[in-house]
Every structure is written in C-alpha cells, then in structure tokens.
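S.K.: Residues per chain are reported as follows:
Protein chains: 2
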Amino acid sequence: VTLLLTGVADRGGAAIDPAGLDPANLLAVKAEGRSVARAQGGVPGLHGARFLAQSQPHILLEAASTNFEDAEPGWTYAREALDRGADLVLASKGALVLHYAALTETAQKRRRDLRFAATVGAPLPVLEMADRVLIGVEITGFEGVLNATTNQVLTSMSGGASYEEGVSEAQALGIAETDPTLDVDGWDAAAKAAIVANAILGASLNLRDVRREGIRQVSSQALREARLAGETIKLIARAVRRDGTVVASVAPERRPLADVLGALRGDQMGVVFFTEPLGRVATTVEHTGGIPTALTVLRDVINVARARGWTSAGE
Amino acid sequence: VTLLLTGVADRGGAAIDPAGLDPANLLAVKAEGRSVARAQGGVPGLHGARFLAQSQPHILLEAASTNFEDAEPGWTYAREALDRGADLVLASKGALVLHYAALTETAQKRRRDLRFAATVGAPLPVLEMADRVLIGVEITGFEGVLNATTNQVLTSMSGGASYEEGVSEAQALGIAETDPTLDVDGWDAAAKAAIVANAILGASLNLRDVRREGIRQVSSQALREARLAGETIKLIARAVRRDGTVVASVAPERRPLADVLGALRGDQMGVVFFTEPLGRVATTVEHTGGIPTALTVLRDVINVARARGWTSAGE
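Protein sequences, first through last, are from chains A and B. Under our numbering, the final residue of the first sequence carries the number 315; numbering is consecutive throughout. Under our numbering, the final residue of the second sequence carries the number 315; numbering is consecutive throughout.
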C-alpha cells in the first residue's frame with residue numbers, strides 16, 4: 001500500500017498538497033519550531049472542516065494533545081472526518097473517554113473504520129491481542145502497566161531517588177511532560193483502563209467511572225520495604241467484569257519483582273489479560289516513546305488499508 | 001461467520017455430510033475410542049483425494065500426527081486441498097519443515113490462504129504478533145520456550161525430581177506423550193524454530209538446519225546450582241538473522257528466574273522478539289494443551305474467513 005500525506009495541520013495552520021506532501025520538508029520546518037503552515041503547501045490559519053475539505057483524507061490521523069475537559073479539538077475533527085466518509089485513527093484519548101458511545105455509533109452508522117491502538121499504551125498490542133489473538137476466548141478482565149512516566153518515577157525511587165528526583169529524571173529522559181499531573185495522578189492510566197474496558201469488555205465507562213489513585217502518596221520508604229520482600233510497587237490499571245458490570249481502577253500495588261508486570265522497568269509497559277481457558281496471557285514491550293507510538297499509528301493505518309482491501313495482497 | 005463441518009477423517013475412515021455434521025455425535029463416538037467412520041454419515045476407509053472430493057471443504061484443517069520422516073499423510077492432504085481450491089489451516093508440522101518452499105509456492109500460485117498458528121507453540125500468538133503487531137518494525141530474531149513437555153520436565157526437576165520422574169510426571173499430567181523422544185531430544189522445538197524463522201525472518205530452513213540439543217543431558221545437580229544463583233534452566237528455541245543468513249538453534253540455557261522466559265513454569269510458553277526500535281517484545285500464555293491448541297486452529301479459521309470477506313463485518 002502506498003500512503004499519500006495530502007494534508008497536515010498544527011496549531012498554526014496547515015499544509016496541503018493533493019499530490020502528496022514531502023515528510024522531510026515538514027520535519028525540517030517542525031525541527032525549527034515553526035508551524036507546518038510555513039512549509040511547502042502551507043496555509044496559515046487553516047483548520048477544522050476547511051482543512052478536511054481541502055486535504056480530502058481517506059484516513060484522518062487525529063493526534064492533538066489529549067484534552068480530558070471537552071476532548072477538543074480532537075472530538076470535532078473526529079466527527080467531521082467520519083461525516084466526510086474518512087476512516088479514523090486516533091492517537092489522542094479525549095473523545096474516547098468522554099464520547100465513546102457517540103463516537104463508535106457514528107463510525108458504525110457511517111460504516112467507517114475506527115482504530116485507536118496508540119491510545120492504550122503504545123506500542124503495546126492491547127487491542128490487537130483482543131481482536132486477533134484471543135478469538136474464541138473469554139476475556140474476563142485485564143491489568144497493566146500502561147503509563148510510562150509513573151513507571152519511570154517508581155523505577156527511580158526504587159533505586160533510592162525521592163519522588164521529586166524521580167519526576168525530574170523522567171523529565172530529563174523525555175518521558176514525563178513539564179506538567180506531569182495527568183500522569184502522576186493516574187488520569188492517563190485511568191483513561192487507558194476505560195478505553196480498553198470499553199473496547200474489549202463491552203463496557204461504556206467514562207473517565208470519571210474509573211477509581212483512581214496516583215503515585216504521589218508512594219514513599220521511598222514503602223519502596224524500600226517492598227524491595228526487602230522481593231517486591232516492588234507499580235501503578236496498575238485494571239478492569240474486570242464482575243456480576244455483569246465492569247469495574248475499573250488505577251492504583252499503586254505491590255508486585256513480586258519476578259512478576260511479569262513487577263519486572264517492568266523505566267518506560268517499559270505490559271498488559272495481562274485474564275482469560276478462559278488460556279489463563280493469564282501477557283505481552284510486554286521494552287521500548288516506548290515517540291517513535292514506537294508513531295509506529296503504532298502506522299499499524300492502525302496499515303490495518304485500515306487491509307480491511308478496505310487497499311493492500312496488494314487483500315488482507 | 002457460520003462454520004459448517006462437512007467432513008472429518010481419521011485413521012479408520014471418514015464421516016461426510018454436506019449439510020453439516022453434528023460435532024456432539026462425532027465427539028461421542030471418539031470418546032468411545034471408535035473411528036468417525038462409525039458416526040452418523042460415516043464411511044469406513046474413506047481417505048485422501050476421495051475424502052476431499054466428497055466433503056468439498058472451503059478450508060481444510062490438517063491435524064494429522066506430525067511426521068518428521070516424510071510429512072505424510074499431511075503433505076499429500078495439503079497439496080490436494082490447495083489443488084482443489086481450499087484454503088489451508090495446518091496443525092501438524094511435517095510439511096512445514098520438510099516442504100516449506102513447495103507448500104508456500106503452491107498456496108501462492110493457487111491464491112489460497114495458508115495459516116499454521118497452531119504449529120508454533122499454540123496458543124502463543126507468535127505469527128500474529130509478527131503479522132499484525134510488529135508492522136513497520138524490523139524483527140532481527142526471536143527466542144522462546146515453545147515446547148510444553150520439556151518445560152514441564154525441567155520444572156519438576158527444578159523442584160527436586162529426577163529426569164525420569166519429571167518425564168513420568170509430564171506423562172501423568174497429559175502433557176508428554178508415551179514416547180517423549182520428539183520433545184526431550186528437541187525435535188519439536190527445532191521444528192517450531194524453523195517454521196517461525198521461515199515465516200517471519202524469510203529463511204528457508206529445513207528441520208535438519210536447526211542446531212539441536214535436547215534436555216537428556218541436563219542434570220538435577222545443574223538445576224540446583226542454577227537455583228542457588230537465582231536462575232533456572234530452560235530449553236530455548238532461537239533464530240537470529242546474522243550476516244544475511246538465519247541461524248536457528250535449540251538448547252538448554254540458564255536464565256534468571258525473573259526473566260520472562262525463565263519465569264515460565266509447567267506447560268506455560270512464551271516468545272520474545274528482538275526488534276528495532278521496540279527492543280524485546282514478549283508474549284506469554286499460562287495455559288496450553290488440547291483446548292488452547294484447538295482454539296488456535298479456530299483463530300486461523302476465523303482469520304481466513306475475515307481475509308475472504310466471509311464475516312458479516314468484512315474483516
């Protein structure tokens with residue numbers, strides 16, 4: 001399959017070329033801290049519906065900063081792209097945790113493909129495992145280390161650092177953002193728990209439905225004590241089906257160091273599915289970050305192309 | 001997708017019904033130790049080309065006992081099914097390690113789907129991870145615990161049992177066969193290494209190309225020593241691309257107990273892919289055996305149906 005980048009937008013505007021933009025040119029402009037509106041094909045101030053009308057995408061990749069207040073601008077872009085007949089690949093979480101039912105209904109009604117692998121701990125194949133591997137298997141729940149920042153902070157603290165030093169180290173490594181609130185208070189992990197629960201357990205959870213505790217209360221002392229017992233503390237996101245409803249939570253938990261989740265260090269991530277009859281099915285990845293996340297978006301795009309029959313080998 | 005079982009064959013003959021056989025009836029007959037030729041629709045002595053002509057399958061599930069001498073009867077069934085225009089789901093390994101090039105060429109020429117997830121450590125999603133998840137990722141190699149019998153024997157020995165006691169225990173648990181030679185001498189793991197190397201590393205290895213050492217030489221003493229160092233011994237199947245060629249091997253290795261493969265106990269299985277830029281990507285399963293293997297065959301069947309557009313939701 002040949003991919004053509006017909007339009008790209010950022011806060012400053014957009015660049016458009018129906019014949020295909022040059023990624024190298026766009027990257028060079030962004031590397032200088034400027035808007036794509038300054039690149040070849042650039043149009044300052046071009047956004048939203050007008051941007052979609054001009055770029056005419058078959059697939060919209062929506063990767064705006066996640067916004068847990070009103071899911072904008074992603075939510076409007078998502079609806080307008082579906083209305084225009086585009087398939088949708090999401091990298092931002094807002095619309096998925098604030099408007100999941102409306103989003104999936106719209107996609108279904110318009111017969112559009114909706115994928116969001118990059119939102120749930122990219123590059124971990126959480127959704128692909130459920131869709132492609134655990135076929136004929138009952139998934140009763142899952143748990144995972146799905147937030148890189150908190151895992152990096154806990155890893156540093158486990159090595160003797162204070163909470164503040166851990167956060168600084170995660171920032172220096174490019175893992176944590178300048179304001180790490182959404183991560184350390186568990187919002188990011190809670191959003192991931194809700195998205196996965198909705199997608200694979202048939203729940204319809206909103207972000208506020210997830211019981212949430214972050215890592216600010218985890219002390220270096222508690223990590224030292226855990227270590228003496230051959231354990232550590234991890235921020236675990238979990239959802240389980242119980243008596244017909246799905247209960248989701250995010251909280252710090254003690255785990256054995258030899259446990260598949262307990263063994264994850266730095267920005268590594270992992271997920272464990274609770275299944276019948278395969279028991280616990282686990283997947284872990286060693287490297288996360290920008291490039292792995294971008295690859296996960298690409299994975300969704302390729303899988304849309306396969307589903308649409310656009311690839312040379314059909315599926 | 002609705003699956004219709006139009007024919008089923010065993011050593012004694014076959015049962016045929018174009019309108020669909022009743023699985024419960026077949027299971028009842030097999031539970032009595034009798035051939036399906038004795039079930040409803042049964043035809044004693046019906047085999048091979050005549051069986052395929054009468055059952056007219058869209059998909060052939062080939063699950064004969066694996067035969068590493070001449071790959072029969074699976075190899076002939078596979079070719080005849082492809083010739084008749086059926087897609088092919090293999091659960092036996094013979095044809096894949098003795099005739100891989102011929103098999104894949106025939107499938108490609110006839111534009112038939114060829115899947116064999118159940119042959120490489122079912123229900124581990126080894127091939128699905130490569131095909132569906134590690135998209136845009138360079139896979140440079142893999143290693144895994146892919147043989148249940150040897151892992152069960154080593155787990156027992158690690159708990160103090162002798163090699164002979166370990167084998168007896170694995171047999172009592174229904175994991176090891178009466179003649180465990182193919183497992184304990186590493187043939188089964190070597191076949192899996194070759195199949196995965198061929199499928200995902202583009203190799204064209206035959207079974208004899210895999211350097212192979214089984215577990216008969218592993219002593220209880222060696223396992224005790226490993227344990228004192230926080231390690232254990234696992235039979236590791238591995239293939240890596242090196243200077244343009246793929247080198248595959250099976251051998252016992254010391255692994256830390258906290259390692260993702262070192263932590264696998266009993267008949268658990270796991271695989272680790274070496275990738276760029278995701279690093280080590282691992283998947284493990286807790287329960288293996290007959291039902292998980294059957295589910296893996298079903299997974300292939302569903303994925304064939306999706307690729308063919310037979311499912312209600314397209315792919």
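Since the hints were made in silico from the structure, they are not lab data. It should be emphasised that the depicted structure is a prediction, and the values quoted were computed from it without experimental measurement. All residues carry an ideal CB built from backbone N, CA and C; glycine is no exception. Among the hints, erroneous ones may be present.
[What the hints assert, rightly or not] Listed next, with one range per pair, are the computed distances between beta-carbon atoms:
1. ARG265/A to GLN217/B: 33 to 43 Å
2. LYS109/A to ARG308/B: 19 to 29 Å
3. ASN67/A to ARG308/B: 50 to 60 Å
4. GLU105/B to THR2/A: 55 to 65 Å
5. ASN25/B to ASP83/A: 36 to 46 Å
6. TRP310/B to GLN56/A: 45 to 55 Å
[What the hints assert, rightly or not] Covered stretches of chain A (chain B as the covering partner; in silico rule of three or more C-beta atoms under 8 Å from a C-beta of chain B):
7. 121–131
8. 295–306
S.K.: Which numbered hints turn out to be false for this structure?
M.R.: 3, 4, 5 and 6
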